[in-house]
Amino acid sequence: MDKVKKNEGQDGQSLSGKALGQRSIRGQNDVSKDLEIKSKTKPLLSPISSSKNAHAQTSIPGLSYSLKATSPIHYSKTSKYNTPKDFSALLSPNLYHPLSNSEIPPPLRNLATQPDATVSVAELIKAGFFREAAIKAAEILTKTGHEISINQIFDLVYKRLACLTLCHQITIAVQEVKALEDLNSTHYRDEKSGQHIVPWELRVLAVRLQGIGFGDVRKSVIGYYDLVSDVRLNLKNLRKERRLLISSNDPIEKTQTEINLWEKRLSDLGLRVASALIEMEDFEGASRFLSTLRPSPFNPNLNHQKALLWLCLGDVEAALNCAQDDKVLIILAHIADKQFEKAVQGWEDLIKTGNPDEVAMWKQNLAVSLIYLGRIEEARKILEILIDEDGYGFHALTFNLSTIYELTTERSRCLKIGLAEKLAEILETSKAQGLGKIKIGWDKVNGDFKL
Numbered sequence: 001m002d003k004v005k006k007n008e009g010q011d012g013q014s015l016s017g018k019a020l021g022q023r024s025i026r027g028q029n030d031v032s033k034d035l036e037i038k039s040k041t042k043p044l045l046s047p048i049s050s051s052k053n054a055h056a057q058t059s060i061p062g063l064s065y066s067l068k069a070t071s072p073i074h075y076s077k078t079s080k081y082n083t084p085k086d087f088s089a090l091l092s093p094n095l096y097h098p099l100s101n102s103e104i105p106p107p108l109r110n111l112a113t114q115p116d117a118t119v120s121v122a123e124l125i126k127a128g129f130f131r132e133a134a135i136k137a138a139e140i141l142t143k144t145g146h147e148i149s150i151n152q153i154f155d156l157v158y159k160r161l162a163c164l165t166l167c168h169q170i171t172i173a174v175q176e177v178k179a180l181e182d183l184n185s186t187h188y189r190d191e192k193s194g195q196h197i198v199p200w201e202l203r204v205l206a207v208r209l210q211g212i213g214f215g216d217v218r219k220s221v222i223g224y225y226d227l228v229s230d231v232r233l234n235l236k237n238l239r240k241e242r243r244l245l246i247s248s249n250d251p252i253e254k255t256q257t258e259i260n261l262w263e264k265r266l267s268d269l270g271l272r273v274a275s276a277l278i279e280m281e282d283f284e285g286a287s288r289f290l291s292t293l294r295p296s297p298f299n300p301n302l303n304h305q306k307a308l309l310w311l312c313l314g315d316v317e318a319a320l321n322c323a324q325d326d327k328v329l330i331i332l333a334h335i336a337d338k339q340f341e342k343a344v345q346g347w348e349d350l351i352k353t354g355n356p357d358e359v360a361m362w363k364q365n366l367a368v369s370l371i372y373l374g375r376i377e378e379a380r381k382i383l384e385i386l387i388d389e390d391g392y393g394f395h396a397l398t399f400n401l402s403t404i405y406e407l408t409t410e411r412s413r414c415l416k417i418g419l420a421e422k423l424a425e426i427l428e429t430s431k432a433q434g435l436g437k438i439k440i441g442w443d444k445v446n447g448d449f450k451l
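Just so you know, we're using UniProt numbering here: the sequence shown kicks off at 1 and counts up by one.
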């Protein structure tokens, strides 16, 4: 878990000119990353970053499988680009690694099962079973005696890599992405149209994973700039096409939709570059870069996302200027300024009047604010109720409750193991009711309980 990093120089001043101390809190003021990178230091608290994560950040631990093929795979080269290129190497069983369960707490490990053959990868992902989804994707890719298209291959590879990063298997994801090699090569472009045949989401994720593989965040920044060049080229061609359509009085709706999509992608890449610069601790560069990002009608969340990055840099004033009417952002700004009493009041107000779907997150962050005020027993009660009565078990919840156990008792290990057993019981009950009844994910590792 990464601590929030501030944009401080040697004198400890933030970009806004106001000194801000480093926090151990994580939450909506954290950068939303493609991947979760293990911190080199052990943090104190780990609040949740979004309500969606509260529902989905979970897993079925302890799954393993064999990918030994016993008969040939029928590979279809059909794709929307009608390219004759061969990608059958991505169907090799040797490419995909079995998932170890050694890092999973025993109570949850015992519940691990192979993915149900009747449940699709998409359904597993929707229910938050990222580990099972990763296994299922690999099984489909390496299944013998069936035909699979290029589009299906890339879709499954993307889901496999994304799910690995979400179930604490980033090391394996970094190894498996190597099979894609250089996505900028002509091998990945349609020979007739010149269009890239790899889905955009996979290209973006590959940049991030390959940067991690090289152990250099700068590699990710370079990769993002390569994608920016491709986006600008596509926009140039599409705008030219739009002008021709207008001059000939032909419909432009389809072309305009594509332009909007690429504009949104360009905006998203800007945020990813800024996030990577923060990770590199190039706070001055990140600040300058963020200042150049202008509001985009194609990305209505841009200002909110920029605000979160500004908070990571410690510039509360710049963050508030981005999203002045956002109640959550205002509360996070109180936390950044160490105004925890105001933060507590803000979370309590949101719990009473806010979106019911977000209540678990508000209560979680309320508990974190109470811990900073020394009101640990109140925080403990809130977190335990979220588990015992409401049936939640997301990462920040178990991590922070485990932290409270460490702070308040010498028998914390027994309590943390008991917490894992309790979540195992909830999972067993939820699974019996079907995937639709599960509101928490279960990709749990020992670190989620500080074991």
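Be a bit skeptical, because a hint or two may be false.
[Stated by the list, open to error] Here are the simulated DSS-like cross-link-like pairs (lysine-lysine), alpha carbons at most 30 angstroms apart as the crow flies:
{"no.": "1", "residue 1": "K240", "residue 2": "K85"}
{"no.": "2", "residue 1": "K327", "residue 2": "K381"}
{"no.": "3", "residue 1": "K254", "residue 2": "K240"}
{"no.": "4", "residue 1": "K342", "residue 2": "K352"}
{"no.": "5", "residue 1": "K450", "residue 2": "K422"}
Honestly, the hints are just simulated from the structure, not real lab data.
Results of checking the hints against the structure:
1. In summary, the hint linking K240 to K85 is supported, as the alpha carbons are separated by about 29 angstroms, within the 30 angstroms threshold.
2. Among the hinted pairs, K327 with K381 is consistent with the structure: their alpha-carbon atoms are about 25 angstroms apart, no more than 30 angstroms.
3. Of the supplied pair hints, the one linking K254 and K240 holds, its CA atoms being roughly 14 angstroms apart against a limit of 30 angstroms.
4. Using a Cα cut-off of 30 angstroms, the hinted pair K342 and K352 holds, with the two alpha carbons roughly 16 angstroms apart.
5. Straight-line distance between C-alpha atoms of K450 and K422 comes to about 16 angstroms, which keeps the hinted pair within the 30 angstroms bound.
Checked against the numbered hints given earlier, the structure satisfies every one of them.
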